[in-house]
Amino acid sequence: MGIAVFPPSSGISLADGNTAGWNLGTDQWEQISEYKTTSGATSFDFTSIPQTYRKLVLVGMAMEVQTAGTAIFMRINSDSTASTYNVMQLRSGSGSDNASYLSQNAARLTWGDVAAGQACNYVIEFPNYTSTSSKYFNFLFGNVGTQYVSGFGNYRTGSTTNAITTISIIGQTSNGLFFSSNPGPAAVLYGVK
Amino acid sequence: MKPQKAFVDCSTGETVIREMNDAEYAQHLIDVAAWEAEQAEQTPAE
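Here the protein sequences line up with chains A and B, keeping their order. Numbered per this note's numbering, the first sequence spans residues 10 to 202. Numbered per this note's numbering, the second sequence spans residues 939 to 984.
Do not rely on the hints blindly, as some may be mistaken.
Which chain A residues face chain B? A few, computed with CB under 8 Å, are given here [what the hints assert, rightly or not]:
no. : residue
1   : Thr47
2   : Ile58
3   : Gln60
4   : Leu111
5   : Thr182
FYI, nobody ran anything at the bench for these hints, they're computed from the structure. Quick reminder that beta carbons are idealized off the backbone N, C-alpha and C, glycines included.
Same shape as in the complex, but just chain A (with noise of 0.2 Å):
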């Protein structure tokens, strides 16, 4: 008599009707979408954000500034009231410290400037962003200046909110910001399932 093991979750159908094969886990990442240009704006927006996804990752891939002096601050839905967004800075680096930005208009994601003519590698974690109750989001900035900078924070925490549909990446002065002179584009959206 032979006997035939097949591990759990391998999509294989059994005799009594039951699935087998493998869980490889359920973390199925999406491409939603990209900003790619070539010419500097002080600010962009995803919009029209679709709501079939468990969290949201925008990976930054590449970002250079025209001219120095720009942090970057972050909106959700072009929220732009005041008291509204908590932030806790992890910092390293020349001068690090670490601080809280609490109660604020934007989040704020960086600490000093973005310095012309260097990239800034950037990842924001959206967790609960179809949530109704205050929005969670988690993020890192590599080389803003001499600085390294990682966080997390929330936005109207202890509020019913309304599902993210919009994120806002906000350079805090005129200059030219978020373009991509390299082959990558300067953003990527992803939803992951």
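Add chain B to chain A, keeping to what the hints say.
This is chain B only, laid out in the frame that chain A set:
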């Protein structure tokens, strides 16, 4: 000329880069003023 702002519509994949409108520019000026004030506080007086 007002600064440029980019919009990426995730439903169509279309990217539009245009000059800020009046409301966007007004918010931009508020943001810049706050940032410049903070920079001035951090700059030691000569």
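Right, here's what the structure says about each hint:
1. Because the beta carbon of Thr47(A) sits about 11 Å from the nearest beta carbon in chain B, more than 8 Å, this interface hint is broken.
2. Checking Ile58(A) against chain B: minimum C-beta separation of about 5 Å stays under 8 Å; hint holds.
3. At about 11 Å, the closest approach between the beta carbon of Gln60(A) and any beta carbon in chain B exceeds 8 Å, and the interface hint on this residue is violated.
4. Interface restraint check: Leu111(A) against chain B, minimum CB-CB distance 15 Å, threshold 8 Å, status violated.
5. Checking Thr182(A) against chain B by beta carbon gives a least distance of about 6 Å; that is within 8 Å, so the hint holds.
Going down the numbered hints, you'll see the structure goes against 1, 3 and 4, while the others check out.
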